[in-house]
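Same order as they appear, the protein sequences are chains A and B. Per the numbering used here, the very first residue in the first sequence carries number 1; after that it's consecutive. Per the numbering used here, the very first residue in the second sequence carries number 1; after that it's consecutive.
Some clues are possibly wrong.
To give an idea of the chain A side of the interface with chain B (calculated C-beta under 7 Å), a few residues [as the list claims (entries may be wrong)]:
no., residue
1, 43
2, 88
3, 103
4, 106
To be clear, the hints were calculated from the coordinates, so they are not data collected in a lab. This one's a predicted model, so the numbers in the text were calculated from it and none came from an experiment. For every residue, glycine included, the Cβ atom is placed at its ideal position computed from N, Cα and C.
Below are the chains, spelled out letter by letter.
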Amino acid sequence: AQKITQTQPGMFVQEKEAVTLDCTYDTSDPSYGLFWYKQPSSGEMIFLIYQGSYDQQNATEGRYSLNFQKARKSANLVISASQLGDSAMYFCAMREGARGAQKLVFGQGTRLTINP
Amino acid sequence: GAGVSQSPSNKVTEKGKDVELRCDPISGHTALYWYRQSLGQGLEFLIYFQGNSAPDKSGLPSDRFSAERTGGSVSTLTIQRTQQEDSAVYLCASSLEVRALGGYTFGSGTRLTVV
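With the rest of the complex left out, here is chain B (with noise of 0.2 Å):
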């Protein structure tokens, strides 16, 4: 597609269930990376995907949460057991491996509440 897509674009959910946030990169681009967005914060790396070459999982705050990519191309990011403090905007990225000069492009986000 034109553009970094993510469903939902919003996710109310109940504390101790378990969600599945999706992103569909650019096509073509190799690197995906989540990011979490608490009110009036930064962004906050969670884990990105480079190829075939193993996640960069260190910014996973939790066992709770995990990702995986399929085909080196839509990822699902998936919290268990959700808990208040997860409620945040949830944000995906793209980028080309060799050139990402400013080619990290973000998608509009996904808006999750716990309660």
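So that you can see chain A by itself, here it is in the shape it has in the complex (with noise of 0.2 Å):
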């Protein structure tokens, strides 16, 4: 089973409006924590966003911010104001276990194209 579900393969969205890129997961370990992850078209990975599992609030960088919704096993990203330097590939993974060094697991990714 899939444990990093994006459902979006690719989304095209006009410059300055807000983008929502879904993202759901599974896992029975109580402990874990989601990343979001950008690829622009130079291939290098930017991490943007991390949520805990035992956080209680939404996290939020700058523009980003993460909709996590626990009981729905859901942790979105939400880009405000976008830009068109937000064109690239944006990847959800997940991280299980109490401990800090574990393997990442992705999603397939979800393309997001800004139009000017």
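Build the complex from these two chains, which are given one at a time in their own frames, with help from the hints.
As structure tokens, this is what we get:
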């Protein structure tokens, strides 16, 4: 079974609009972490935001916020006021377990295109 | 170094040849991970090393793939008798063992093409 599911292969959004990228996850471990990474055409993986399973509040980092709905096992990324430079692949990932150094499991990604 | 360094950045090899890919993690990072990314796909976990513990090899796709980490630092991923389906970008990442909340730092990858 897929541990991380991203159902949107591609999205097209007008510049300055907000965009939500979907991510659902599957785990029976009570302790886990959820990550979002951005991969522009250059190929580098850029860390955007992190949410721990015990965090009470949704994580925010500048224009990025994570809409964490634990009961629904959902961790959607919200980008406010999108910019042309936001065009990239976006990956949701999960780390299971309480210890820091565990492997990340990635979803298939969503290709986001921002139109001027 | 300041970041995770991978070499070579590009490698073209003939089918059947062996290749070695190198990863230099961030100094002091005790955990090191290898991933494979085929064109347009997500990242597929291959193997990870954590301190002196036995590596988690659960993601290696076949016995043609192996990896080692010497002295708790540099890692080499070896692919023997390469096949065309091995063509992909191989990404390395490192993290601190204790605190990896956002601290998985990725290298720029090695693009492997098997012809």
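Now the hints, each set against the structure:
Annotation: interface hint on residue 43 (chain A) holds; nearest CB of chain B at approximately 6 Å, less than 7 Å. Taking 7 Å as the C-beta cut-off, the interface hint given for residue 88 (chain A) is violated, the closest approach to chain B being about 13 Å. With its C-beta approaching chain B no nearer than about 5 Å, residue 103 (chain A) sits inside the 7 Å limit, and its interface hint holds. Among the interface hints, the one on residue 106 (chain A) holds; its C-beta lies about 4 Å from the nearest C-beta in chain B, closer than the 7 Å criterion.
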